[in-house]
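Chemist: Listed below are the residues making up each chain.
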Amino acid sequence: MLDLTYETPKPKVIAGAKHDWELVIGMEVHAQVASNAKLFSGASTRFGAEPNSNVAFVDAAMPGMLPVINDFCVAQAVRTGLGLKAEINLWSAFDRKNYFYPDLPQGYQISQLYHPIVGEGEILVDMAPGVARKVRIERIHLEQDAGKSIHDMDPAMSFVDLNRTGVALMEIVSRPDIRGPEEAAAYVTKLRQILRYLGTCDGNMQNGNLRADVNISICRPGDYEKYQETQDFSHLGTRCEIKNMNSMRFIQQAIEYEARRQIAIVEAGGEVVQETRLYDPEKGETRSMRSKEEAHDYRYFPDPDLLPLEIEQAWVDDIAASLPELPDEKKARFVTEMGLSEYDAGVLTAEVANADYFEQVAEGRDGKMAANWVINELFGRLKKDDKDITDSPVSPGQLGGIIDLIAKGDISGKIAKDLFEIVYTEGGDPARIVEDRGMKQVTDTGAIEAAVDQIIADNPAQVEKAKVNPKLAGWFVGQVMKATGGKANPKAVNDIVQAKLGL
Amino acid sequence: MSIDLETAAKVAKLARIKVEDDALPALADEFNTILGFIEQLNEVDVDGVEPMTSVTPQRLKRREDVVTDGHMPEKILSNAPDAREGFFAVPKVME
Amino acid sequence: MTELNKLTLAEARDKLRAGDVTSVELTQACLDAIEGADALGAFVHKTPEIALERARAADARIAQGDAPAMCGLPIGIKDLFCTKGVDSQAASRILQGFKPEYESTVSQQLLDDGAVMLGKLNMDEFAMGSSNETSVYGNVVNPWKVDDRALTPGGSSGGSAAAVAADLCLAATGTDTGGSIRQPAAFTGITGIKPTYGRCSRWGIVAFASSLDQAGPMTKDVRDAAIMLQAMCGHDPKDSTSADIPVPDFEAMLTGDVKGKVIGIPREYRMDGMPEEIEKLWADGTAMLKDAGAEIRDISLPHTKYALPAYYVIAPAEASSNLARYDGVRYGHRAKLAQGDGITEMYEKTRAEGFGHEVQRRVMVGTYVLSAGFYDAYYNRARKVRTLIKRDFEQVFDSGIDAILTPATPSAAFGLGEMAQADPVQMYLNDVFTVTVNLAGLPGVSLPAGLDKQGLPLGLQLIGRPWEEGDLLNTAYALERAAGFVAKPAKWW
Chain F
1 MLDLTYETPK
11 PKVIAGAKHD
21 WELVIGMEVH
31 AQVASNAKLF
41 SGASTRFGAE
51 PNSNVAFVDA
61 AMPGMLPVIN
71 DFCVAQAVRT
81 GLGLKAEINL
91 WSAFDRKNYF
101 YPDLPQGYQI
111 SQLYHPIVGE
121 GEILVDMAPG
131 VARKVRIERI
141 HLEQDAGKSI
151 HDMDPAMSFV
161 DLNRTGVALM
171 EIVSRPDIRG
181 PEEAAAYVTK
191 LRQILRYLGT
201 CDGNMQNGNL
211 RADVNISICR
221 PGDYEKYQET
231 QDFSHLGTRC
241 EIKNMNSMRF
251 IQQAIEYEAR
261 RQIAIVEAGG
271 EVVQETRLYD
281 PEKGETRSMR
291 SKEEAHDYRY
301 FPDPDLLPLE
311 IEQAWVDDIA
321 ASLPELPDEK
331 KARFVTEMGL
341 SEYDAGVLTA
351 EVANADYFEQ
361 VAEGRDGKMA
371 ANWVINELFG
381 RLKKDDKDIT
391 DSPVSPGQLG
401 GIIDLIAKGD
411 ISGKIAKDLF
421 EIVYTEGGDP
431 ARIVEDRGMK
441 QVTDTGAIEA
451 AVDQIIADNP
461 AQVEKAKVNP
471 KLAGWFVGQV
481 MKATGGKANP
491 KAVNDIVQAK
501 LGL
Chain A
1 MSIDLETAAK
11 VAKLARIKVE
21 DDALPALADE
31 FNTILGFIEQ
41 LNEVDVDGVE
51 PMTSVTPQRL
61 KRREDVVTDG
71 HMPEKILSNA
81 PDAREGFFAV
91 PKVME
Chain S
1 MTELNKLTLA
11 EARDKLRAGD
21 VTSVELTQAC
31 LDAIEGADAL
41 GAFVHKTPEI
51 ALERARAADA
61 RIAQGDAPAM
71 CGLPIGIKDL
81 FCTKGVDSQA
91 ASRILQGFKP
101 EYESTVSQQL
111 LDDGAVMLGK
121 LNMDEFAMGS
131 SNETSVYGNV
141 VNPWKVDDRA
151 LTPGGSSGGS
161 AAAVAADLCL
171 AATGTDTGGS
181 IRQPAAFTGI
191 TGIKPTYGRC
201 SRWGIVAFAS
211 SLDQAGPMTK
221 DVRDAAIMLQ
231 AMCGHDPKDS
241 TSADIPVPDF
251 EAMLTGDVKG
261 KVIGIPREYR
271 MDGMPEEIEK
281 LWADGTAMLK
291 DAGAEIRDIS
301 LPHTKYALPA
311 YYVIAPAEAS
321 SNLARYDGVR
331 YGHRAKLAQG
341 DGITEMYEKT
351 RAEGFGHEVQ
361 RRVMVGTYVL
371 SAGFYDAYYN
381 RARKVRTLIK
391 RDFEQVFDSG
401 IDAILTPATP
411 SAAFGLGEMA
421 QADPVQMYLN
431 DVFTVTVNLA
441 GLPGVSLPAG
451 LDKQGLPLGL
461 QLIGRPWEEG
471 DLLNTAYALE
481 RAAGFVAKPA
491 KWW
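Residue numbers (the numbering used here), protein chains in the order written: chain F, 1 to 503; chain A, 1 to 95; chain S, 1 to 493.
Rather than coming from a laboratory, the hints here were simulated on the basis of the structure.
Check before you lean on any hint, since a few could be wrong.
Label-pair restraints from in silico Cβ distances [unchecked claim]:
1) VAL66(A) <-> ASP386(F): 44 to 52 angstroms
2) GLU325(F) <-> PRO302(S): 42 to 50 angstroms
3) VAL66(A) <-> ARG17(S): 35 to 43 angstroms
In the BS3-like style, the derived pairs of lysine-lysine whose C-alpha atoms are separated by at most 27 angstroms in a straight line are [what the hints assert, rightly or not]:
4) LYS148(F) <-> LYS75(A)
5) LYS482(F) <-> LYS440(F)
6) LYS13(A) <-> LYS261(S)
7) LYS92(A) <-> LYS97(F)
8) LYS243(F) <-> LYS283(F)
9) LYS10(A) <-> LYS243(F)
10) LYS13(A) <-> LYS383(F)
11) LYS18(A) <-> LYS46(S)
12) LYS226(F) <-> LYS134(F)
13) LYS243(F) <-> LYS75(A)
14) LYS15(S) <-> LYS336(S)
15) LYS336(S) <-> LYS99(S)
16) LYS390(S) <-> LYS61(A)
17) LYS97(F) <-> LYS238(S)
18) LYS261(S) <-> LYS84(S)
19) LYS148(F) <-> LYS15(S)
20) LYS92(A) <-> LYS349(S)
21) LYS13(A) <-> LYS97(F)
22) LYS336(S) <-> LYS13(A)
23) LYS84(S) <-> LYS75(A)
24) LYS75(A) <-> LYS99(S)
25) LYS92(A) <-> LYS148(F)
26) LYS259(S) <-> LYS238(S)
27) LYS349(S) <-> LYS10(A)
28) LYS10(A) <-> LYS336(S)
29) LYS10(A) <-> LYS92(A)
30) LYS46(S) <-> LYS75(A)
31) LYS61(A) <-> LYS238(S)
32) LYS368(F) <-> LYS387(F)
Built from N, CA and C at the ideal position, the CB exists for glycine as well.
All chains, please: the whole structure from these sequences, using the hints.
Modeler: Right under this line is the structure:
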C-alpha cells in the first residue's frame, strides 16, 4: 500500500499589538466506549433513560459495592490504540482520582494515571489535499464517566442523575502538536472518523459521547521548534485548559478567544495563570473555573478493589487482525489504485458507509466516473433531502447501472442525470427505464444522417458561414440534438456534421 | 516533617471534614504523633523494591458486556436523605 | 441437657441432625440470652422475628434431609456486613438508618446454607479501633471480668467476640483488617481465623481498607471455625479480588496430627517489655506443638518492626478514599444546613457530625499521606515495605516452614477507657502481632491457650501459608487439644 506524502501545514499566526504569536494546543478527548453495559457495572449505557434507572448499586457507590471490569471495554480501548498505531500495554492498572462532587458517588473516579492501557501513537490530521499535520498521541486510558447534575430544575437545589455514572470512557491524550483552531477541529474530526471506522465510539458529540478538553498556550514564532527539538516545555507559554467542549465550532471559537485573551495579558506585561476555564458559547468567551478547582489535589493511588489488568499478546493480535481498513489507508488506496483525486478520496472516506457505497459502485467500473457520480449527483441529491447514505433511495447497483449505460453509449450524460432523478424518486432498473421510456441514444447513423441533411438543407446561409468559420459546426450539432430530443449520440452527430460540411 | 495548623486545616478541607479552629492544635498534635511513628519507614532500605500492587496472585477477571443490572430507581433512591422527582437533591452547586 | 446457647456449632449441628433439638429451640435460647445481655452492648440491631422465621425454615429443611452444616445454627453478624432490609451502619452515625437493598455475599452464603441471623453486632466505627470504644452504639463490655473494671473485648469485632464468649450466639462473623478478628478473639477466649486475602468475598461488606480487609468466623473452638469458614468462603465474581481457588473440606482436615510439621518461631516477635506471661504462653505453646510431633525452628522475619507503621499509612490512605462516599447525598446522615450553606458546607458538616473522632483522624491521615508531594515519601514507601514484609514470609515458607507460632496480642484485655489518655499510637500497638498477616495477605488464626494471673484469657496466633487454611486449622486443632482451654467467663451481666 502506497502512503501519500504530505506537507506540514503552517501554524496559525496571530498578530498581537507588539508582534506575532503562535498557538500550541494539546487535546484530551473523552470518547464514550460503544458498549452495552458500564465499565465496572452491569447497568445499561443507553442514553435518555428515566433518571437513576440505569444505575447499579456499585454505580451509586452503595457501601460494600465493588467494581468488576467489562471485557468489551478493554477490547475497545485496545482496538482504538491499534487504530492509532499506538503501543498496547499488556500490563496496566487502575487508579483512583479523589475529589468530591455530587455526581461522583464514590468520591473518586476510577482512571488509569500511572499505567494506561495504551501508550504512544499518532494521528494524521488532514488539512487540505497534500497538507496534513502529524499529531502524536501520548496515551489512551480507560476511566469512568461521572453522573449529571441538573441545576435549573429548582431554585435552591441541584438534582443528580447517575445514569451516566460509570459509563466507560477512553481518554485520548495528544501531545501539544496542534497549531491552530482549524487544526484542533480537524484533529477532533479525524479522531472521530477513526473511532467510527473502528466502531469503538459512535462519535455522537451532541449526546456528549465525544467531548474535548483543550490545552492552549501561546508562544513566539520559533519557540515551538525549540520545544520540539528538546521536548522542554519551558519554551512554551503557560497553558490554560478549556473543559468539556462538544462542538467543532465551539472548539474553534474558544481557542480563538482564549489565544487572544492570553496574548492581551502577556503583551500588557502580565502572566497567564495556569487554570481550568469554561467556554460560554452565548457570550463567546472563556471564563475561569477557579471556584471549582479550589484546593484540588486528586490524591491518585492504585485502586485496591481491582487487580492489575493483564492482557495477552495473542488477544491483542486477534483484535489487530479484526481491524478494518482505516481512513488513511482507504484514502491512499482510492488515490493510488482507483485514480481519484485526494480531495475526492477524502470526501468518500469521511464516513465508512460512504466509502463502502462508493466501492460497490466502482466495482468493475471506472473509479473516477463512479466517484463523480457518488459525490456530485448522489451526495448532492441526498443533501438536498437531508438524507444519510444509509437512507439512499438509489442503491449502489442502480447507480452502477446508470454509469454502465453511459459507458456503453446508451445514454448521454445529460440523459443520465434525468434517469438518475427518475431512479431516485421512482426507483426501478435504470436499463429498463431507458428502454421503456425511449431514452436510449440514437446511434443509428442513417437516422442521424437524415437529420443532418435536413438541417443543412434548411439553413443554406449557415452552411456558407460554417465553411469560413468551422467553429459554427457546433451550431449544427446543437440543432441535430434538439431535433432528436437529445437522444442522438453527440459524437456520432459531430462526426457526420463535420463530414457533410466538408470540414 | 511537622504539621502546622495551616496544613491541618488544609487536610481537613481536602477530606471535607469541618474542624473548628480551636480544635486544630490538638489535631495537628495527633497528626504529628502518628506521622512520627510512620516515619520509622525511612529506616528501611527500599532501593530496587517494587511497591506491592496486589497481595493476591489472582489475575483480574473480566465480565461480559451484558446488561445485567439497573432498572431499580426506587431501590437506588430508597435510602436518600432527599430525593425528588427521581433525582438525588443536594444544595445548589455553583459551576 | 446443657443450655442450648452454650453449644458449639458442631454439637448443635449434630443434635439438629439427630433430631434432638430444633433450630427454633436453639434460636429461642440465644434470643433469650441476648435479651438478658444488654449490659454487654454486643447486639445492636436485634432481629428476633427474622431469626425465628429462618429457624422454622431451617427446621423444615433439616426434616427433609437437606441440611448443610450451618443449617439452623443461630449466629450473629457484624454490623459491617450489609444485610438486606436490616440496619447496617458500620457502627457509624453517618450510616444512621441505612437499610441496604442487598445482602453481602458472605452473609448470603450463610443464609443459603440455612444459618439463622439473630441480629447485628457492635464493632468499632468502620472497623477502626482495637477496643470497641469508637462505636456510635457505645462500648462493648468483655464478658470476662476479674475486678470492678469493665474490660474491653478488643476490636474491631468486639461485639462478635463478646457475643460468642457470652454464649449469646453459637458463632459470629467478624472482619479483620489489622487484627480485628484475632485480637478480640484472644481478649475473650474464643477462636477466630482471618483467611487468606481473597478467600472470602468482600462484596457487601462496608470497606475499611480494601487491600487488607477479610471476613472470617469467630467461634467457640477450632472445629467450629473450620465449619463456618467453609460456608463463608469461595469465589465471588462480584469481587475482583476474590480467589477462584477450590475450597477444601476444612473440617475433614482436622486430624490433630502435626507430626513432621515444621513450626517457625520468629525472633522479631519477642518484643521489649513483653509481659512474662505472654512469653510463657508462647513457650508453652511451642512445647505443646513439639510434644505433638512438630519440629520447632527459630526463624527471622526481619521487617516485622515496620509492619505497623506501613499499616498506618496504607490502611488510612485506602480508608480516606473508601469513606469519601459518605457524603450525605445518597444514604445515611445529612447534616442540617444553615441559611446559605452550599454543597461544600453540606459535605463538611455531614462528615464532621457523621464520623467519630478516630475515623476522622484516620481519614485525615490518609488524606495527608496521599496528598501532592507526599505520595512517594509515605504511600509508595509503605507499599515497598509491604513487599518486603510479604517477601520475609515467602522466604520462610520456602525454607520449609509450615506455620508460624506467635502470641496473638501483647497483653490481655485492658479496661475500657484506660487508653483514653494515651496517644493513638499506643492503641495501635495492640495489633503489633496480627498486622503483618494482613499486609502479607496470609491466613492467621487466634486461639485461647491460657489464662493470665488475673484469670483473663490469652491467645496464641498461628500463621499459615496462603490458601492453606485447612492445614493451619489442623495445627490450631492440635494446639487446642494440647492447651485444653475450657475456661468460661462467669456470668455477671
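Chemist: Each of the hints needs a verdict: does it hold here or not?
Modeler: Structure-based check of all given hints:
| no. | hint | verdict |
| --- | --- | --- |
| 1 | VAL66(A) <-> ASP386(F): 44 to 52 angstroms | 36 angstroms, violated |
| 2 | GLU325(F) <-> PRO302(S): 42 to 50 angstroms | 59 angstroms, violated |
| 3 | VAL66(A) <-> ARG17(S): 35 to 43 angstroms | 41 angstroms, holds |
| 4 | LYS148(F) <-> LYS75(A) | 19 angstroms, holds |
| 5 | LYS482(F) <-> LYS440(F) | 15 angstroms, holds |
| 6 | LYS13(A) <-> LYS261(S) | 54 angstroms, violated |
| 7 | LYS92(A) <-> LYS97(F) | 24 angstroms, holds |
| 8 | LYS243(F) <-> LYS283(F) | 16 angstroms, holds |
| 9 | LYS10(A) <-> LYS243(F) | 26 angstroms, holds |
| 10 | LYS13(A) <-> LYS383(F) | 56 angstroms, violated |
| 11 | LYS18(A) <-> LYS46(S) | 33 angstroms, violated |
| 12 | LYS226(F) <-> LYS134(F) | 17 angstroms, holds |
| 13 | LYS243(F) <-> LYS75(A) | 34 angstroms, violated |
| 14 | LYS15(S) <-> LYS336(S) | 53 angstroms, violated |
| 15 | LYS336(S) <-> LYS99(S) | 21 angstroms, holds |
| 16 | LYS390(S) <-> LYS61(A) | 24 angstroms, holds |
| 17 | LYS97(F) <-> LYS238(S) | 22 angstroms, holds |
| 18 | LYS261(S) <-> LYS84(S) | 44 angstroms, violated |
| 19 | LYS148(F) <-> LYS15(S) | 57 angstroms, violated |
| 20 | LYS92(A) <-> LYS349(S) | 16 angstroms, holds |
| 21 | LYS13(A) <-> LYS97(F) | 17 angstroms, holds |
| 22 | LYS336(S) <-> LYS13(A) | 19 angstroms, holds |
| 23 | LYS84(S) <-> LYS75(A) | 11 angstroms, holds |
| 24 | LYS75(A) <-> LYS99(S) | 10 angstroms, holds |
| 25 | LYS92(A) <-> LYS148(F) | 13 angstroms, holds |
| 26 | LYS259(S) <-> LYS238(S) | 40 angstroms, violated |
| 27 | LYS349(S) <-> LYS10(A) | 16 angstroms, holds |
| 28 | LYS10(A) <-> LYS336(S) | 24 angstroms, holds |
| 29 | LYS10(A) <-> LYS92(A) | 24 angstroms, holds |
| 30 | LYS46(S) <-> LYS75(A) | 23 angstroms, holds |
| 31 | LYS61(A) <-> LYS238(S) | 10 angstroms, holds |
| 32 | LYS368(F) <-> LYS387(F) | 24 angstroms, holds |
In terms of the numbered hints stated before, the structure departs from hints 1, 2, 6, 10, 11, 13, 14, 18, 19 and 26, listed from lowest to highest.
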